[in-house]
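Novice: Chain residues, written in single-letter form:
Protein chains: 2
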Amino acid sequence: MNLYSLTPLTPGFLDAIKVFKMKTLQLLNPKEIRALIRKGKWAKPTAGLAMGYAQANLVILPQKYAFDFLLFCQRNPKPCPLLEVLEPGRFRTEFLSKDADIQTDIPRYNIYRKGKLEKTMRDIRSLWKEDFVTFLLGCSFSFEEALLRAKIPMRHIEQNKNVPMFITNIPCKPSGVFRGPMVVTLRPIPPDKVTRAVQITARYTSVHGAPIHIGDPSKIGIKNVSKPDFGDPVTIKKGEVPVFWACGVTPQAVVMNAKPELCITHTPGHMFISDVLNEELASY
Amino acid sequence: MNLYSLTPLTPGFLDAIKVFKMKTLQLLNPKEIRALIRKGKWAKPTAGLAMGYAQANLVILPQKYAFDFLLFCQRNPKPCPLLEVLEPGRFRTEFLSKDADIQTDIPRYNIYRKGKLEKTMRDIRSLWKEDFVTFLLGCSFSFEEALLRAKIPMRHIEQNKNVPMFITNIPCKPSGVFRGPMVVTLRPIPPDKVTRAVQITARYTSVHGAPIHIGDPSKIGIKNVSKPDFGDPVTIKKGEVPVFWACGVTPQAVVMNAKPELCITHTPGHMFISDVLNEELASY
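Listed in order, the protein sequences are those of chains A and B. Residue numbering for the first sequence follows our numbering, starting at 1 and increasing by one per position. Residue numbering for the second sequence follows our numbering, starting at 1 and increasing by one per position.
By construction, these hints were calculated from the structure, which means they are not laboratory data. It is possible that some hints are incorrect.
Each pair may be met inside one copy or between any two copies, as identical chains are not told apart.
[What the hints assert, rightly or not] Listed below are the simulated DSSO-like cross-link pairs for lysine-lysine, each with C-alpha atoms no more than 30 Å apart in a straight line:
| no. | residue 1 | residue 2 |
| --- | --- | --- |
| 1 | K259 | K64 |
| 2 | K31 | K173 |
| 3 | K64 | K173 |
| 4 | K173 | K98 |
| 5 | K31 | K227 |
| 6 | K98 | K78 |
| 7 | K129 | K41 |
| 8 | K223 | K41 |
| 9 | K98 | K219 |
| 10 | K31 | K223 |
| 11 | K64 | K78 |
| 12 | K78 | K31 |
| 13 | K129 | K64 |
Values in this document were obtained by computation on a predicted structure and should not be read as measured data.
Using the sequences provided together with the hints, build the complete structure.
Specialist: Pasting the structure below:
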């Protein structure tokens, strides 16, 4: 783009401003982004923000469900990799950030009652109760960054789509009211890069880890890879191998299925941005 | 030993019988050993039994402590690697074995009241309550086997001693009433094998994983490596590097410190023998 060709207020100029603003935003650190979110100045998805830093899925449940859900996560660490759990009533993280407030620092919240989405909110201080237990779970953004660094293509990113997600026939290990099948994401990988993709993601056990399945989708109950249950279909090029990773939608689906009287999650894509680097989450 | 030289009931003959019985015992599989234990025919330490199979530490707590202790383990996975947690009242494992009974299948139990050892028992069926929550945690036997396979010497095994254990100045992340310093084990490693020892144990995240510290003991608050807080001192040969791993005594110390009205553990060394191979616990 030739800057001299731009006239103020033409579409080209506005685009340039937009690119500039986005570039600036990408330079902000997690603390600065969380401050924007807290002030109500960012309510959009968080993909691409604070590159290098781990983002987390949010699940808030009343205390009476907390032991069973914690145990569900312990029993199913691949779909439910816990990054941090806060005691009843606590809304400040200790590990993922020293100055975050779970009530305000997520761009958009989904409020579910008895498993049904009631509304979305930008701030949940008005709903907060002393018996709320907060769970923050790892997300595949972290390992995708590592895969991209190794020149392993991410088709959904190339095609500017949501990652395709499928409900499998693999049952999670149940705990109390929490039960259901594992949900997986699909990434088509060139055959000469499959081993590398396993090696790289295996290091990231706190963000889903190594693949659940490599190859024939029907073996895990997926009938049609071009019809995902959630997200968008992506192109699988000739010879590419479908590789499936456990997905953070699993715990959300399991919680919805359990129909607790109240559950608060992040709105999909609108994640909690932590101060922990993805590299700090790699196995040690 | 020349068998023809043995006369019945001489010390040599009795020793041969003893060795034969021990050899036979070592050939028994976990299910057979648990059956012996259940019938009251084995109440001794389990080191060396069912080689290749994972052994587990036991902690049983009343339900009111269960969430906080589960969260303590989630926050401190290196000293407290959870292998399986049973719901309140359940005494049958699902993952570590399909036919084990936690009330009877451990050679010896310690019964603690308000943090004090009241007695040891061979069977806890008479104490069992519907609100008991059972935690089974990984133990370093699993990774020691892998280290020995790689010809990394285990000094305490060579010297037929208990592994030396030290209370460090590293605080565990607290949860509810559970708090305290991390306890570590010491293994002196030849300098050319330290990297290999890190690599090997790093694979075993569910049994304490990679070392907590390598080298200068004073950096983690250990004043004198020849005076362990628990276990026995071992020889550190000239040039050997002291390497420290998180120890399963940590959760026990933390629970004793919290003084719950009742806590049941295995008697040290008298572990639960699972049907899961150590290799199955290696990171995947």
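Novice: The structure should be examined with respect to each hint, and the outcome stated for every one.
Specialist: Outcome of the hint check:
Taking the closest pair of Cα atoms, K259 and K64 come within 30 Å of each other both inside a single copy (13 Å) and across two copies (24 Å). For a Cα distance limit of 30 Å, the shortest separation of K31 from K173 across copies, 23 Å, qualifies, whereas the shortest one inside one copy, 36 Å, does not. For the homomeric pair K64 and K173, the shortest alpha-carbon distances inside one copy (20 Å) and between copies (23 Å) are both at most 30 Å. Taking the shortest alpha-carbon separations for K173 and K98, only the inter-copy value of 14 Å comes in at or below 30 Å, while the best intra-copy value is 33 Å.
Taking the closest pair of Cα atoms, K31 and K227 never come within 30 Å of each other, the shortest separation being 38 Å inside a single copy and 46 Å across copies. In the homo-oligomer, the alpha carbons of K98 and K78 lie at most 30 Å apart both inside one protomer (26 Å) and across protomers (22 Å), since each shortest distance falls under that limit. Taking the shortest alpha-carbon separations for K129 and K41, only the intra-copy value of 25 Å comes in at or below 30 Å, while the best inter-copy value is 54 Å. In the homo-oligomer, the alpha carbons of K223 and K41 never lie at most 30 Å apart, since the shortest distance is 42 Å inside one protomer and 53 Å across protomers.
Proximity of K98 and K219 under a CA criterion of 30 Å is satisfied inter-copy only: 25 Å between copies versus 44 Å inside one chain copy. Proximity of K31 and K223 under a CA criterion of 30 Å is satisfied in neither setting, with 43 Å inside one chain copy and 40 Å between copies. In this assembly of identical chains, the alpha carbons of K64 and K78 lie at most 30 Å apart whether taken from the same copy (24 Å) or from different copies (28 Å). In this assembly of identical chains, the alpha carbons of K78 and K31 lie at most 30 Å apart whether taken from the same copy (28 Å) or from different copies (29 Å).
Taking the shortest alpha-carbon separations for K129 and K64, both the intra-copy value of 13 Å and the inter-copy value of 21 Å come in at or below 30 Å.
The earlier numbered hints that this structure contradicts are 5, 8 and 10.
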